[in-house]
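A.B. asks: With the hints as constraints, model all of the structure from the sequences given.
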Amino acid sequence: MTIKLRAEIFDPWRELADFQTQAVDIAGKYGATGIFVGTMRDFNQGDEVRGMYLEHYPGMTEKQLQHIVDQAQSQWSLLDVLLIHRIGQVSPNDTLVLVAVWSAHRGDAFDASRFIMENLKSQAPFWKRETLESGQIRWVEKNSDGYLQQP
Amino acid sequence: MSIKVLYFASLKDRVGRSCDELTIEAPLTVLEVWQRVNPNMDMPDTILAAINMEYVSLEAEVSDGDDVAFFPPVTGG
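Chains S and E are the protein sequences, given in the same order.
Numbering follows my numbering, with no gaps: position 73 of the first sequence is 73.
Numbering follows my numbering, with no gaps: position 76 of the second sequence is 76.
No lab work stands behind these hints: they were computed from the structure.
Wrong hints could be hidden among the right ones.
With a cut-off of at most 25 Å between alpha-carbon atoms, the simulated DSS-like pairs for lysine-lysine come out as follows [what the hints assert, rightly or not]:
1) E:K12 x S:K121
2) S:K4 x S:K121
3) S:K63 x E:K4
4) S:K121 x S:K63
5) S:K121 x S:K142
6) S:K29 x E:K4
7) S:K63 x E:K12
8) S:K4 x S:K142
9) S:K4 x S:K63
10) S:K63 x S:K142
Here are the computed distance ranges between Cβ atoms for each label pair [stated by the list, open to error]:
11) E:T23 x S:W13: 51 to 59 Å
12) E:M1 x S:A17: 28 to 36 Å
13) S:R106 x E:P73: 27 to 35 Å
14) E:T23 x S:D18: 48 to 56 Å
15) S:G146 x E:N38: 32 to 40 Å
16) S:R50 x E:L22: 36 to 44 Å
17) S:R6 x E:Y55: 21 to 29 Å
18) S:A7 x E:R14: 42 to 50 Å
19) S:F43 x E:D67: 35 to 43 Å
20) S:F110 x E:M1: 26 to 34 Å
21) S:D111 x E:M1: 41 to 49 Å
For glycine and all other residues, C-beta sits at the position ideal for the given N, C-alpha and C.
C.D. replies: Quick look at the structure:
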């Protein structure tokens with residue numbers, strides 16, 4: 001299991017490829033990889049967004065992410081987990097978060113990656129401060145439910 | 001007893017500082033800590049609290065040397 005906070009831009013697909021190349025112990029054992037990549041939009045709540053600062057609580061953020069991944073590992077049969085989250089100044093189209101889960105069967109990979117992501121959204125101490133195109137700066141005070149339109 | 005109080009994100013802006021040091025004579029709950037360091041400001045309804053980086057309720061008791069953190073709902077991911 002690997003959990004990282006990154007202050008610099010990162011390429012999620014390269015991170016995945018590198019991680020999987022090095023994970024020789026699980027080669028041949030996994031039949032499913034569940035991947036979620038979160039990317040910064042250039043719009044939010046009807047406004048154009050120019051940039052964003054991701055504040056976190058050093059120490060607590062890592063601790064809470066660890067709890068979430070531990071919970072996922074105790075609930076589902078996972079072979080490995082990679083979680084990377086950006087901190088600091090980010091721009092539209094930057095990757096904000098990568099969650100990848102390897103398991104023998106797809107149900108574990110689908111469910112655990114969703115569980116990690118949803119719990120990260122509600123429990124990991126990160127806060128977004130947006131700079132709009134207008135120059136206005138505002139804190140994002142709550143997360144959306146994750147859907148443009150409820151299915 | 002000495003404790004440290006931390007604020008994050010929009011709450012840090014609202015209280016106008018990122019931390020307080022507090023000396024107390026008897027144990028306090030998290031809510032009482034807030035009331036001691038912010039006597040003129042009611043705690044906003046949505047505020048979350050942590051002691052030593054673990055989420056706690058506002059009724060949790062604070063001990064000597066603890067770090068108490070207050071912050072708004074989290075918005076990562």
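A.B. asks: With reference to the structure, classify each hint as holding or not holding.
C.D. replies: Against the structure, the hints come out as follows:
The hinted pair formed by K12 (chain E) and K121 (chain S) meets the criterion: a straight-line CA distance of about 20 Å does not exceed 25 Å. Distance restraint check for K4 (chain S) and K121 (chain S): the Cα-Cα separation of roughly 16 Å lies within the 25 Å cut-off, and the hinted pair is therefore satisfied. Restraint check for K63 (chain S) and K4 (chain E): satisfied, since their Cα atoms lie roughly 19 Å apart, inside the 25 Å limit. Of the pairs offered as hints, the one joining K121 (chain S) and K63 (chain S) holds, with about 15 Å between alpha carbons and a cut-off of 25 Å not exceeded.
About 10 Å separates the Cα atoms of K121 (chain S) and K142 (chain S), which keeps this hinted pair within 25 Å; it holds. A distance of roughly 48 Å separates the Cα atoms of K29 (chain S) and K4 (chain E); the hinted pair therefore is violated under the 25 Å criterion. With a C-alpha separation of about 21 Å, the suggested pairing of K63 (chain S) with K12 (chain E) holds against the 25 Å cut-off. This hinted pair checks out: K4 (chain S) and K142 (chain S) have alpha carbons roughly 24 Å apart, not beyond 25 Å.
For a cut-off of 25 Å, the pair hint linking K4 (chain S) to K63 (chain S) stands: about 11 Å separates their Cα positions. Restraint check for K63 (chain S) and K142 (chain S): satisfied, since their Cα atoms lie roughly 21 Å apart, inside the 25 Å limit. As the Cβ distance of T23 (chain E) to W13 (chain S) is approximately 52 Å, the hint placing it in 51 to 59 Å holds. A hinted range of 28 to 36 Å for the beta carbons of M1 (chain E) and A17 (chain S) is inconsistent with their spacing of about 52 Å.
Take R106 (chain S) and P73 (chain E): their Cβ atoms lie about 32 Å apart, and the range 27 to 35 Å holds. Checking the proposed 48 to 56 Å range against T23 (chain E) and D18 (chain S) shows it holds: the Cβ atoms sit about 50 Å from each other. One distance hint, 32 to 40 Å for the beta-carbon pair G146 (chain S) and N38 (chain E), holds here, with the actual separation near 33 Å. The supplied range of 36 to 44 Å is met by R50 (chain S) and L22 (chain E), whose beta-carbon atoms lie about 39 Å from each other.
Range check, R6 (chain S) to Y55 (chain E): about 24 Å between beta-carbon atoms, so the 21 to 29 Å window is met. Between A7 (chain S) and R14 (chain E) the C-beta distance comes to about 26 Å, which lies outside the given range of 42 to 50 Å. Hint check: F43 (chain S) to D67 (chain E), Cβ distance near 37 Å, so the stated range 35 to 43 Å holds. For F110 (chain S) and M1 (chain E), the hinted distance range of 26 to 34 Å is not satisfied, since their beta carbons lie about 48 Å from each other.
For D111 (chain S) and M1 (chain E), the Cβ-Cβ distance of about 45 Å falls inside the hinted range of 41 to 49 Å, so the restraint holds.
Figure legend: structure checked against the earlier numbered hints; hints not met, in rising order: 6, 12, 18 and 20.
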